[in-house]
Amino acid sequence: MGAAARLWAAPLSATEDVAQFWSFAQLFKEHGLDFYRYSSGTEPINPMVGWGFVYPPVWLLILGLALAVVPAALAGANFVDTAWRLAMKTPIITADIVIGIVLFMAVPGSRWRKLIFASLWLLNPAAWYESAVFGQFDAIAAAFLLGALILFERGHDRWAFGVAALAVLTKQHTLLPVLFMTAAVIRTMPWRRMAGNLVIFGSVIAIISLPFMITGAATEYVRAVLLPGQYPTYQYPILYSFSGSGALVTYLHDTFGWDNAGWLQINTPLLAATVAGGLAITWFKKITPLRAMLVGILLFIAIFYRINYQYLIIFIPLAILAASRTKYLSERVISLGLALVPAIWLWLFKVSFWFNLMSPVFPNVEPLFERIGWNHIGLPDHYYVILALSIMLLALAYVIYTFTRWRLPSESTSNIE
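For the sequence shown, the numbering used here begins at 48 and goes up steadily by one.
Treat the hints with care, since some could be wrong.
Said to hold, decoys possible - Calculated cross-link-like contacts (lysine to any residue; reagent style SDA-like; alpha-carbon spacing at most 20 Å): (1) K76 x Y102; (2) K76 x K161; (3) K161 x I197; (4) K397 x N355; (5) K374 x F450; (6) K333 x I197; (7) K332 x P316; (8) K332 x W453; (9) K332 x I252.
FYI, nobody ran anything at the bench for these hints, they're computed from the structure.
Take these sequences, add in the hints, and give me the full structure.
Set out below in C-alpha cells:
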C-alpha cells in the first residue's frame, strides 16, 4: 500500500526542486566531474535562479542515472515532464521501501509487531510527501544511516562504516549521527579495529569526492558541501520553517517588531558546543549506537536555525526502531512522537498545491485531499510555530532522557532475520 501510494503520486506532482534537479542532471551530463563549477544555480538552464546544488555527489550521481533513463525528458520554470518526475523520484521511493523492509527485519517480536512498526514508516504521511510529492531525497540518506546501524549490530562493522560514509555523501548533516555512533562504540572496540574502520570511512569519502575536486573545482566543491546555504536570519515563510528557534524568533519579529535576528547567530556555536559535550557524554556513559545516532541528529534538529521539512525524515526510521526496542515507556512515547508529530504539518498545508503548480497539472486530486484534510493554506503563523516548537521539545526531551534516565540497553537484536 505504501509503495502504491507513492507510485501514484510521483508522476502527478512536481515542485521547483524537481525542475531544478533536472537542470542539475543536465549540467552534470554536459560538464561531468567539473559539475561543481556550474552548481551555483545561476546557469541559463537553471529554472530557479540562485537555487544552488549544495549537496555531496551521491544524489548527483543518482540524478545522472535518472536522466540516462529518460534522456528526452524536459523541465522548466513552469513545467516538468511526468517521465522526469517518476524517474527522479523512483530512487527515493525505493529507499522508502528498503527502510520499511529493514525495519521489519530489525524490530523484535512477532511478525504482526514487525509489520505494525514498519507500517509507521511505510504509511507515514511525512515520508510519503517527501519522496512521492516534494521529491526530496533525504530518505536515501536515512536508508544508508539505518543500514549502517543494522550492519554494525550484526557485527559487520567494516561494512557499517562504509555505508555510513555513503550517508554522509548523500546528506552532509548525517555526519552528526555517524560521529555519535562512533563515540558510542569506540570504548568497546580495539583501537586497531576502529582505526581500520575510520580508514574505510575516509576512503569512501575520498574515492567519491576527489574526482569532483581534482578537475580544479575543489573550492566550489568545498563551498557547496561545507558552507551553510543561508546566513542566520529570519526564516520565511514560517510554514516551511521547522526550526523551533528559527520559527519563534521570526514570529516574534513579525508580531512585535523585535529586531532579534541576532539570536539566531548563537545557534551554530551552541550546536557545536552541545555536539562536543554530547559526544563526551556518549563516550563516557557507553550509550547504545541506536540512541547515540538519534541524539546526534536530534541535536541538529533541535538547535540549528534552519530546518527544512525533509531534514526530519532522517530521524523518523531511527525513532521507530527505538520505540520498538525500548524497555522504557517514556522512550517509546517520545520516540513515537518524533516519528508521528511531523506528519501533522500535512493537515496545515494544501498538499494539492504541488499537483497544480507545474504543467501538466492534475486538479482532479483536490477533492481527495479535501476529504483527508490536507487542503489548508493561509493558516495563522502560530500554528506552524507551535508545531516547530513541539518537534524541538521532543528532540530535546529524547536527548536529555538518553543522558540522564534511560540506562537499560534496548531489546536484543538477535532475532534480526
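message: K333 and I197 were given as a pair; does the straight-line alpha-carbon distance stay at or below 20 Å?
response: 18 Å, holds
query: Are the Cα atoms of K76 and K161 separated by 20 Å or less?
result: 42 Å, violated
- prompt: Are the Cα positions of K332 and I252 separated by 20 Å at most?
  reply: Violated. K332 to I252 sits at ~29 Å, over the 20 Å cutoff.
field: Restraint check for K397 with N355, where alpha carbons must lie at most 20 Å apart
entry: Holds. K397 to N355 sits at ~17 Å (cutoff 20 Å).
- request: Quickly compare the C-alpha distance for K374 and F450 to 20 Å and report which way the hint goes.
  value: 16 Å, holds
query: Does the alpha-carbon distance linking K76 and Y102 stay inside the 20 Å limit?
result: This hinted pair holds, its Cα atoms lying about 17 Å apart.
message: Checking one constraint from the list: CA of K332 to CA of P316, max 20 Å. Satisfied?
response: 24 Å, violated
Pairwise hint evaluation, I197 against K161, where the allowed Cα distance is 20 Å at most: Roughly 15 Å between the alpha carbons, so the hint for K161 and I197 holds.
query: Does the alpha-carbon distance linking K332 and W453 stay inside the 20 Å limit?
result: Given that 20 Å is the threshold and the Cα spacing comes to 11 Å, the pair holds.
The structure fails to meet hints 2, 7 and 9 from the earlier list, while all remaining hints are met.
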